[in-house]
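Engineer: Each chain, letter by letter, is given below.
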Amino acid sequence: MTLVARDPRAPFTLTPPVLPLERRTRGYDLPLAGIALVLSLAGAVLVWAATKESSGQAFLYRHLLNLAVAAALMLATSRLNARLLRLFGPVMYLGSLFGLLLVLVAGSTINGAKAWIRLGGGFELQPAEFMKLGLIVGMAVLFTRYRDDRGEDEPPTTRDVLTAGVLIALPIGLILLQPDLGSAMVLGCAVFGVLIAAGVPARWTVGLLVVAVVIAIVVVKAGVLHDYQLARFEVFAHPDRDVQGIAYNVHQAHIAIANGGLFGRGLFDGPQTNGGFVPEQQTDFIYSVAGEELGLVGAGAIIVLFTFLCWRGLRIARAGDPTGRLVAVGVVCWLAFQAFQNIGMNLGLTPVTGVPLPFVSYGGSAMFAQGLALGLLQAVHRRAFD
Amino acid sequence: VADRPRRPPSPRRFGIVVTLVISMMLTLFARLYYVQLLDPDKPTQTAHLLHDGYIVVPAARGLIVDARGRPLVQNTSTQEVTVDREVLQKLPDKGRAVLSRLAGLLGTTADRLGKEITPCSPKVPAPCWTGQPYQPVPVLSDAPTGVVLTISEHREQYAGVAVQTVSRLEYPYGTLAAHVLGYTSDVTAQDVAKNSDLNEADTIGASGLEQQYDSVLRGSDGKQVVQLSPQGYTVSYGKRIPAEQGDTLVTSIDLDVQRLAEQSLAQQIRDSRKAGKPATSGAVVVMDPNTGRIIAAASYPTYDPRLFIGGISAADYRRLTDPAANTPLLSRAIAGEYAPGSTFKLITSSSLYMHDQINLHDTYPCPGSLTIDGRVKTNYDSEVLGPVTLENALGYSCDTFFYRPTADEYYADQSRLAKGKPAREWLQHMAAQYGVGRVPDVDLPAGEQAAGSYADRETRMARWKANRAQYCAAARRGYPEVKDQADRTYLTQLASENCTDGWRYRAGDNADMSIGQGETTMSPLQLALAYSAMLNGGRIWEPTFGWGVVDGRGKVVRTIEPKVRNRVPVSQKLFNYVTKSLSFSRGWAVSGAFAYMDSKYRDRIGGKTGTAEVFGKQDTSWLATWGPTYKQGGSTRARYVMVGMVEQAGTGATAAGPMLKRIWDGLLGPSPIVPGAKPATTLPHVAPQVRVVRR
Numbered sequence: 047m048t049l050v051a052r053d054p055r056a057p058f059t060l061t062p063p064v065l066p067l068e069r070r071t072r073g074y075d076l077p078l079a080g081i082a083l084v085l086s087l088a089g090a091v092l093v094w095a096a097t098k099e100s101s102g103q104a105f106l107y108r109h110l111l112n113l114a115v116a117a118a119l120m121l122a123t124s125r126l127n128a129r130l131l132r133l134f135g136p137v138m139y140l141g142s143l144f145g146l147l148l149v150l151v152a153g154s155t156i157n158g159a160k161a162w163i164r165l166g167g168g169f170e171l172q173p174a175e176f177m178k179l180g181l182i183v184g185m186a187v188l189f190t191r192y193r194d195d196r197g198e199d200e201p202p203t204t205r206d207v208l209t210a211g212v213l214i215a216l217p218i219g220l221i222l223l224q225p226d227l228g229s230a231m232v233l234g235c236a237v238f239g240v241l242i243a244a245g246v247p248a249r250w251t252v253g254l255l256v257v258a259v260v261i262a263i264v265v266v267k268a269g270v271l272h273d274y275q276l277a278r279f280e281v282f283a284h285p286d287r288d289v290q291g292i293a294y295n296v297h298q299a300h301i302a303i304a305n306g307g308l309f310g311r312g313l314f315d316g317p318q319t320n321g322g323f324v325p326e327q328q329t330d331f332i333y334s335v336a337g338e339e340l341g342l343v344g345a346g347a348i349i350v351l352f353t354f355l356c357w358r359g360l361r362i363a364r365a366g367d368p369t370g371r372l373v374a375v376g377v378v379c380w381l382a383f384q385a386f387q388n389i390g391m392n393l394g395l396t397p398v399t400g401v402p403l404p405f406v407s408y409g410g411s412a413m414f415a416q417g418l419a420l421g422l423l424q425a426v427h428r429r430a431f432d
Numbered sequence: 046v047a048d049r050p051r052r053p054p055s056p057r058r059f060g061i062v063v064t065l066v067i068s069m070m071l072t073l074f075a076r077l078y079y080v081q082l083l084d085p086d087k088p089t090q091t092a093h094l095l096h097d098g099y100i101v102v103p104a105a106r107g108l109i110v111d112a113r114g115r116p117l118v119q120n121t122s123t124q125e126v127t128v129d130r131e132v133l134q135k136l137p138d139k140g141r142a143v144l145s146r147l148a149g150l151l152g153t154t155a156d157r158l159g160k161e162i163t164p165c166s167p168k169v170p171a172p173c174w175t176g177q178p179y180q181p182v183p184v185l186s187d188a189p190t191g192v193v194l195t196i197s198e199h200r201e202q203y204a205g206v207a208v209q210t211v212s213r214l215e216y217p218y219g220t221l222a223a224h225v226l227g228y229t230s231d232v233t234a235q236d237v238a239k240n241s242d243l244n245e246a247d248t249i250g251a252s253g254l255e256q257q258y259d260s261v262l263r264g265s266d267g268k269q270v271v272q273l274s275p276q277g278y279t280v281s282y283g284k285r286i287p288a289e290q291g292d293t294l295v296t297s298i299d300l301d302v303q304r305l306a307e308q309s310l311a312q313q314i315r316d317s318r319k320a321g322k323p324a325t326s327g328a329v330v331v332m333d334p335n336t337g338r339i340i341a342a343a344s345y346p347t348y349d350p351r352l353f354i355g356g357i358s359a360a361d362y363r364r365l366t367d368p369a370a371n372t373p374l375l376s377r378a379i380a381g382e383y384a385p386g387s388t389f390k391l392i393t394s395s396s397l398y399m400h401d402q403i404n405l406h407d408t409y410p411c412p413g414s415l416t417i418d419g420r421v422k423t424n425y426d427s428e429v430l431g432p433v434t435l436e437n438a439l440g441y442s443c444d445t446f447f448y449r450p451t452a453d454e455y456y457a458d459q460s461r462l463a464k465g466k467p468a469r470e471w472l473q474h475m476a477a478q479y480g481v482g483r484v485p486d487v488d489l490p491a492g493e494q495a496a497g498s499y500a501d502r503e504t505r506m507a508r509w510k511a512n513r514a515q516y517c518a519a520a521r522r523g524y525p526e527v528k529d530q531a532d533r534t535y536l537t538q539l540a541s542e543n544c545t546d547g548w549r550y551r552a553g554d555n556a557d558m559s560i561g562q563g564e565t566t567m568s569p570l571q572l573a574l575a576y577s578a579m580l581n582g583g584r585i586w587e588p589t590f591g592w593g594v595v596d597g598r599g600k601v602v603r604t605i606e607p608k609v610r611n612r613v614p615v616s617q618k619l620f621n622y623v624t625k626s627l628s629f630s631r632g633w634a635v636s637g638a639f640a641y642m643d644s645k646y647r648d649r650i651g652g653k654t655g656t657a658e659v660f661g662k663q664d665t666s667w668l669a670t671w672g673p674t675y676k677q678g679g680s681t682r683a684r685y686v687m688v689g690m691v692e693q694a695g696t697g698a699t700a701a702g703p704m705l706k707r708i709w710d711g712l713l714g715p716s717p718i719v720p721g722a723k724p725a726t727t728l729p730h731v732a733p734q735v736r737v738v739r740r
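In order, the protein sequence lines correspond to chains D and H.
Per my numbering, the very first residue in the first sequence carries number 47; after that it's consecutive.
Per my numbering, the very first residue in the second sequence carries number 46; after that it's consecutive.
A few of these clues could be false.
In silico DSBU-like links for lysine-lysine, alpha-carbon gap of 35 Å or less [stated by the list, open to error]:
hint, chain 1, residue 1, chain 2, residue 2
1, D, K160, H, K139
2, H, K139, D, K267
3, H, K322, D, K98
4, H, K723, H, K645
5, D, K98, H, K135
6, D, K98, H, K139
7, H, K676, H, K723
8, D, K98, H, K268
9, D, K160, H, K135
10, H, K662, H, K676
11, H, K322, H, K87
12, H, K160, H, K87
It should be emphasised that the hints constitute simulated quantities derived from the structure, not laboratory data.
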């Protein structure tokens, strides 16, 4: 009490060597960080459950290591002020764009998509994950650039929207070339959120949607998509067809979740999981572990946690400055849609498109990008509430 | 616009985002609730459908060693290249790149390799993989070092390709004792149906000792248990039971004697052929008359048992069973049946003496020829000896000496029959006592030992009833396909006789039998057993090759003892007499001694020649010998009995004589090939096996 009181006339402030907890955490949205931490730790346990039969604790440790790195990235990003954020956007965008180009030239292929850059030592980087951030922040900066000249709530100009269109088209095009349909869809959804929040007129938003649909049709017709991707949609339309092949994943995940019931089969006791029936279970199909072993209670809790996460994010957006608001909405749309897409495909609700469940799935690049995203939300929050 | 109050920006637009997020989350939760609690068509759990499969790790077969512990069949480790189809299937290109690289390395095509590793099914024709779908498929056995090195140095280019060490049978002495050791074959589905312990990855003994002692030699396979998904994919690996190599079979074969016997046999075939004889085949048997153990058994022509490793080709098998190539697969020493000729006189002498038809001090006529039932029967080359004792009748091998009493025996039987009494058939009964007409029950598969034969009234009648129609038809037809006029007449006459009188057993038949002709046949082994009886007090052995079974730690599991089947009802006095009569110490007085006149050991051995006439062929050359003799109590004993036979090679003295002499030279010469110049009496020490581990 005594030390915290600040005399505005004091010539200098004394910063005590050890700050009390409330001072050190001041400005941070602790519930947001808490929810993300709970999801990530649940992810660690589920990843462990999915891989313990085949790999012991190896995936658990790596997931925890990824989590630690992501936490450090979050803390670092949360220190960004408005000026640095304006710098962060373009740098992230250009860096990721370069990464996407590099992937096309020298990427390594995993599960059919050429989406990874090998760093050596077993580490690989997926530029598309970072592009999500780059595009969101880049657009937020673009739309709020002349905010001071114009009115506080003026919608972006036509020129801004067209520029944004180019900014969006470039990375989505590159990602579709990999081809990584899931990431492109998530990117599109995040952009859609930013456009709405930025007050872009409905005709533009709807127009962009139409363009996206047209492009999608052209892409399918022109054969840009690989056979396996079309087959995934085929399976989505006819889930009982070809259980051996592409539908196998979906079918096995469905069996696992359906047999979880209300309380699940018990952690580490899922027979489908332990039998190794669900391929890619520690990444794209991690949710099926929760469904089988923790049941409706556990798997439902994950959905509830994501809902809370989005609520905290939107709360930050509502209170944030114009740029921060757009960033926050974009991040929320990104995480929400990705979670929806991933859980949806586990539940047979959406086509299989290879996107991980945020925070929960095993995977370094995604975890790091999500750490950076949370850091941005915290930065927005700090400026709004500090 | 300017005076609009400052408020949280665009609530409506915010509302869109909030609504979207909430509806997405609600949709997810509703779907989750439905899938987990409501869905009436809940998919059933499949995890319990996991079933156990296993990958068989074949056990290395046990060794077969000789009487001094030297391996005759052993294992060698070779490198085998396998392809794991499951690993290939998981590669993005389904392993096409790996297969084409491997095909280049192995000198085949990727297409062919792909077919070889595809599990067989009604839709998949050969070549295909007959094993379990989850089992790595061997694509190259005996992989050369270059291939092995390339694969192990570039593992990343050969995903799913592995090199494993497998054990394979090896015959360090090539064709040595091939007929006795036998060959192995891959287990077939029929074998598995008969014996569920077998697996198609196994090797099974298919002939010879490999077959007879298969249960000893096979060992027990190891198993790698795998959990399989309902689709047949390996889900996890369970426990692993290591393979146990089969036990070692110690045989009484002496490698050196066997080798010498085979070399001498092959040389005799060459020499006889040089002398203008066909000399199509031959055999040698060496045994210990005192134990019933067989020390060597050689047959010519022979074959290479290595041809059977990994499956014999149809062409090779045809060649090995082709009569035009003298059927190399036939083990003549044990499974061949030949007229024994004069060597049979041991049995005839036994019968005549034991039934008081002759005695050992009187002389009996030995004319050049004798007419029995209107047919003229001559000595070999119509030699005339005058009155002789049994000693000289055996030594000089007089045939007519034996004709008279055996013909008399026939007439006596006929008059008994006329009086309604049964025929005695002494000669036939004595032959049966010596083992003629019954397989010797040597420890080889039943189909690989000959029983031999002789004629008597009953069998003659039975055969006539069975074949009468055939004889009569042949007599009517008159053999138009036979070129030679005399042969044609003879054959037609024979058929005509057989047609009308074929049931009749005649005096001439009994006379023929007395000198080992007519329908009398024996295998070389049977003859060796008969002469062994003469030298061991009358015991007829059920002879053996197997001597002992030794496990992997070198411990003797069991010893195999030959059994005495029966004792021939012959006095020791006659045995001593015949042995003395045929001792080579009598020099020119014994026909068998001709080749041994200069041998230092001549006085210690004896033998009986045989020159069997075969219609349409040259004579079969026989010699039954024994030695070195020694006295035990009042009996003459011998360390070895050795029988030699060369088909279509002339007299016993000219072909079989020198052939066996080379072996006797090895056994009794200045540097005996067997230590102590007598058969080994104790089981050799067998070193513990070095385990050959698979994978």
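Engineer: Which earlier hints can't be squared with this structure?
Structural biologist: Going through the list in order, the structure violates hints 3, 10, 11, 12 and respects the others.
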